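Asker: Sequence:
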Amino acid sequence: MMRMRTRCLCACLLALGLMTGGLAHAQSSAPAPASTPAAAPPSASAAELKDAAAKAPATADLQKGDPGGTLTGTISDVPASDSKAGITLPDVANQVGQNKVAINFTWTLITGFLVMFMQAGFAMVEAGLCRVKNANHTYMMNFAVYGCGLLAYWLIGFAIQMGGAAGNGNLGGLQPLSLEHPISLFGKTWGIFGQSGMFLSGHAYDVGVMVIFLFQMVFMDTALTIVTGACAERWKFLTFCVSSVLMGAFTYPLFANWAWGAGWLSQLGANLGLGKGYCDFAGSGVVHAVGGLTALAVALIVGPRIGKFNRDGSSNAIIGHDISAVLIGCFILAFGWFGFNPGSTLGASANGNLRIGSIAVNTMLAGCTGTFGAMLYMWIFKGKPDASMSGNGLLAGLVAITAPSGFVSAPSSAIIGLIAGVLVCLSVAFVENVMKVDDPVGAISVHGTNGLWGVLSVGLFADGTSNYGGSWNGVTGSVTGLFYGDASQLAAQLVGISTLLGFVFTCSFALNLGLEFFLGHRVSAETEVAGLDLPEMGQLGYPEFVFNQEPDIFARTPREFAVA
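The letter at position 315 of the sequence shown is residue 321 when you use the working numbering, and the numbering goes up by one with no holes.
Worth flagging that the hints you see were computed from the coordinates, not collected in a lab. Just so you know, these numbers come straight off a predicted model, no measurement behind them. Among these hints, one or two may not hold up.
As the list claims (entries may be wrong) - With a straight-line cut-off of 30 Å between C-alpha atoms, the simulated DSSO-like cross-links for lysine-lysine are: (1) LYS61 to LYS90; (2) LYS90 to LYS70; (3) LYS61 to LYS106; (4) LYS442 to LYS388; (5) LYS90 to LYS56; (6) LYS106 to LYS56; (7) LYS106 to LYS90; (8) LYS442 to LYS390.
To be verified - Ranges between beta-carbon positions, derived for each pair: (9) PRO557 to LEU206: 45 to 55 Å; (10) ALA64 to GLN101: 18 to 28 Å; (11) ALA536 to GLY279: 19 to 29 Å; (12) TYR548 to PHE524: 12 to 22 Å; (13) SER320 to LYS390: 52 to 62 Å; (14) LEU507 to GLY75: 50 to 60 Å; (15) LEU507 to SER530: 29 to 39 Å.
All residues carry an ideal CB built from backbone N, CA and C; glycine is no exception.
Please construct the entire structure, taking both the sequences and the accompanying hints into account.
Answerer: Here is the structure:
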């Protein structure tokens, strides 16, 4: 019996050896026919998911309430693509990706809403710094500019600015915005203007595109609002509307494309090795300098208010009617700036976006030191801490930190703001006494001068510690300025400043000079003396108030008194 078992075992081993050798020979000589693979055993992750699903709170538990929030938001809230298979790893991964984009959508939209609210701040500051007889007209310009800009931007401006801006991972890629018109120069390709997204129709009917449209639109409208302050108290309402439409459709979007929409300024780093290209984190140049330089162009064409300058060229102070509105408006603007700067990360999740806290603090500090800079300057050199100039110091500091806010440290932000506060005082005096330009609210100095200073400060103070996905403008590394070892970044910023002065100012002046020929910018002398509220708007801003008579110099109608 034992021998029989031994013989059977040997025969089995021999058969197994022959079969193994035959299989090996078959694999080396000719491929074996494919066989149906066996089902893979469930992975540890799949098993864990099933276990987690089994342990999820039951409906009966949830019906008892969840005061501590420990039962709400579990694996049960992850939608399964196949209800029979239950929650799978791809389901969880897709939910994670959607959560990231949803967080960034929410952040960008809420900060965009804050920027929109800045319109109220601009309206209060500008109206408060103007005379009471023009209050309705000034408020209406700040109200109507929103609609004029939005319409123009929706029709064509957004497509010009962002039509080639695809690739933003924070907002899902924005792939429908993938058509940038290029030119070839010096063997390199340079973006000139976008070509997709018009009317937000076709492929631009996209959830991510809608988010970036809203956010960029309120930035554009901020730039347009700046012009109304510099030209207040003598600008025809009709011409203002047409000028705003042209700016929202062409002037602003073109420069914004070059800086933010994959245009040629952003490519200075990739194509010419100038740092990370032109860098303007939240818009000192794109928004504020564009608005300030356009304000200068239009103010030059419109001319000064009657009585502002004497025959010998000296100027007269024209006091606004409500300093309380001015300072409240400044606070509203400062609040909205928390949307302006931190919101420009376009997200709060991934890609270095946790820097939003640093950006918010930098914004606060620059506004604070800007206020002190202007207040102390006026106190030392003029004898009193002028309220309106202190408010402009706050705004100047905020304007200046807008471009570098995402790239600099807190001490650098304080320095940038302090310089801006002094600079706005010097600039206001220069614009009025040397250039002989009448700017009732100081918009040219606050936004134009300090917008340029903000752009320049990126090339000086950027410390190389920011990390937005490991690159900026397609160039690996972090933005680093002259004081931290990269002089080429300063060169890129200077190219941007030259473009602002050379293109934006010239283009704005030419467009508005055309409007001067066809429509005329300025109201009649009689209308200006009477106040623009009734002649232009048909209603007084404060119909039940009794106003003091103005000094005689502001009531003379001959045009020779309207200029120096």
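Asker: Are the hints correct? Go through all of them and say.
Answerer: For each hint, the structure was consulted:
Distance hint between LYS61 and LYS90 is fulfilled; the C-alpha atoms sit about 18 Å from each other, no more than 30 Å. The hinted pair formed by LYS90 and LYS70 meets the criterion: a straight-line CA distance of about 28 Å does not exceed 30 Å. For the proposed pair LYS61 and LYS106, the alpha carbon gap of about 26 Å is at most 30 Å, so the pair holds. For the proposed pair LYS442 and LYS388, the alpha carbon gap of about 21 Å is at most 30 Å, so the pair holds.
Taking the CA atoms of LYS90 and LYS56, the gap is near 12 Å; set against the 30 Å cutoff, the hint holds. Pair hint LYS106 plus LYS56 holds up; C-alpha atoms about 24 Å apart against a cutoff of 30 Å. Straight-line distance between C-alpha atoms of LYS106 and LYS90 comes to about 27 Å, which keeps the hinted pair within the 30 Å bound. A hinted pair counts as satisfied when its Cα atoms are at most 30 Å apart, and LYS442 with LYS390 qualifies at roughly 24 Å.
Against the hinted window of 45 to 55 Å, the Cβ-Cβ separation of PRO557 and LEU206 comes to about 52 Å, which satisfies the hint. A beta carbon spacing of about 21 Å between ALA64 and GLN101 agrees with the range 18 to 28 Å that was offered as a hint. For ALA536 paired with GLY279, a C-beta distance near 59 Å fails the hint of 19 to 29 Å. In this structure, TYR548 and PHE524 break the distance hint of 12 to 22 Å, their C-beta atoms being roughly 34 Å apart.
A hinted range of 52 to 62 Å for the beta carbons of SER320 and LYS390 is inconsistent with their spacing of about 21 Å. Distance hint check for LEU507 and GLY75: the Cβ-Cβ separation is about 55 Å, which falls inside the suggested range of 50 to 60 Å. Separated by about 33 Å at the C-beta atoms, LEU507 and SER530 satisfy the suggested range of 29 to 39 Å.
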